[in-house]
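Number of protein chains: 2
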Amino acid sequence: MNAETLTLDLETSLGRFEARLRELVDSDVEFIRLIQDDLVTAGGKRIRPRLVLLASRALGGVPREMELALAVELLHSATLLHDDLVDDAETRRGREAAFRKYGNAVSVLSGDYLLSRVLYLLAETGRLELVRLFADVARQLAEGEVFQFQVAALGEYSKANYERIIAGKTAALMRACTEGVALLADAAPMVREALRRFGYEYGMVFQMRDDYLDLMGDGQVLGKPVGGDVREGKVTLITLHLLERAAEEVGPILARRAAKPGDIARLRELAIATGAAEAVVEAITARAEQAVAALDPLPDSPAKAQLIELARSEVRRVR
Amino acid sequence: MNAETLTLDLETSLGRFEARLRELVDSDVEFIRLIQDDLVTAGGKRIRPRLVLLASRALGGVPREMELALAVELLHSATLLHDDLVDDAETRRGREAAFRKYGNAVSVLSGDYLLSRVLYLLAETGRLELVRLFADVARQLAEGEVFQFQVAALGEYSKANYERIIAGKTAALMRACTEGVALLADAAPMVREALRRFGYEYGMVFQMRDDYLDLMGDGQVLGKPVGGDVREGKVTLITLHLLERAAEEVGPILARRAAKPGDIARLRELAIATGAAEAVVEAITARAEQAVAALDPLPDSPAKAQLIELARSEVRRVR
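Going line by line, the protein sequences match chains P and L. The first sequence begins at 1 in this note's numbering and counts up one residue at a time. The second sequence begins at 1 in this note's numbering and counts up one residue at a time.
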């Protein structure tokens, strides 16, 4: 398969993915249908299914890749529905947060409905090891989210805690995308470890880039105002670096959650001036190269090249 | 096994159940531990694990009964955590609702944590059919809860909708308790169908009794004020019968959610005077006998006798 046929093949598969997704989230209950329309079928970049399909193609194609792609996306969507509530998010994927339209109840329970469909898909793969992998990932997801809440509530900010939070809430599921493929392929331990590490490291890069742009990005490109994390009291890598370099000025801004006009602009200035921004960009770059290096055991292929490109494209977004 | 050794054996197994439950819900994350202490280990009647253990003993004992008992209880606990939020419940099992203490976020996410443990237990049983059964039940649970919300929001009250709601939110999981045992036993289709039907019918009886006592019971015995469903705008079988018999007086009381002093007392009077209460008690009795009849294909045993007694004890609570 060359790069061109890979692209075509991927688009075809993603088309089938969208069709199956709609079928899967359908329900006799009208209120469930409403919320699914709103969230699941609204799109998004389908980054997790893409990871599954690319990893599968890097191994020459594996059985039941579609069920895995659907399961990771639905688990992700369920998390979004439950997080909307937690984050009190004003917008999600540029739309009104689901729970504002239909109430908390329907958000949480529709998330649970999606989780039941994940269970169904796992059974469809016929692989108990996949159930075990998802049990592990779902546990890390929930622990990561609660830990993030705990760190905010108790003010336990540190780089170690930041790593633990994003490992749980993001990298664990990305890891399931690629390790799940190895599992479906009955791949050799070395290959499984390579895909596991790539998924995990890529997930870390993805979240670090997301958090960096939340403060340092362009609000127009992001489709939301910058500084949301600071206003919600979420400490990320950039704020930790800022605190190290300019605590006297940054501390009070974080404490008041950037409530004063100009606070966010000032944090951005300080991030550039103190080198905090550069330090985070370097951390993201190093991590992306770790992701790339993890793939060494895999033979070269257009799919492997696209996985590498995926990791490096995250770096380009912050440079 | 006679009735006495059954009782002993059951208590021993429930003791092991409590110990394993505590291990399972443990987490490195402090906020998860707090909420688990609050809810899961606070007890409750463990009615679902009891159903599993009794059904298992009615088949002479099945492998992995403990994992099934733990999985149904954790799924139930997760539902309670998510429902606290939905119902805005003031108390649950006589304690402060979990979310009031730690915020919505921790309730929802701790529920998700429990769901990840259910997945782990299902993998431990080594039976994909059980994953499939739980996928089906979890779907019905979520659909039942959302449908209840939808019926309340749109005022779509009817006996058919009431049946659909309680089938989803209660009977489906009770059915999984007993059908799950048949599945673990690789039981003959007739036995599986018997246990499936018993669990389902018993679940219906259980919820109908619960809803009946919510209005007609003794607040002291219940440990909460009577009339909670009416005040939350939930229509149950007794209110539907009341509407049939005394719409002019009952309609306005339901519309104002019993906001006037004396409203609940008046509904109770009317339920007796119009025969609405008697009609519901008769429906519960008939359903309990359907549950009992479902067990006909099983050979007589002390465990079968206890299952029958369980169904009939629900009837005694309303007579």
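Keep in mind that the hints were calculated from the coordinates and are not lab data. The C-beta atom is built at its ideal place from N, Cα and C for all residues, glycine as well. One or more hints might be untrue.
What the simulated footprint calls covered on chain P by chain L, stretch by stretch (three residues with Cβ under 8 Å from a Cβ of chain L suffice, anywhere in the stretch; the number is not a length) [claimed, not checked]:
| no. | stretch |
| --- | --- |
| 1 | 59-70 |
| 2 | 106-112 |
| 3 | 119-126 |
| 4 | 186-198 |
Facing chain L, a subset of chain P residues (Cβ under 8 Å, in silico) [said to hold, decoys possible]:
| no. | residue |
| --- | --- |
| 5 | Leu115 |
| 6 | Phe134 |
| 7 | Gln220 |
> Out of the numbered hints, which ones does the structure contradict?
Replying inline: Of the numbered hints, 1, 4, 7 do not hold.
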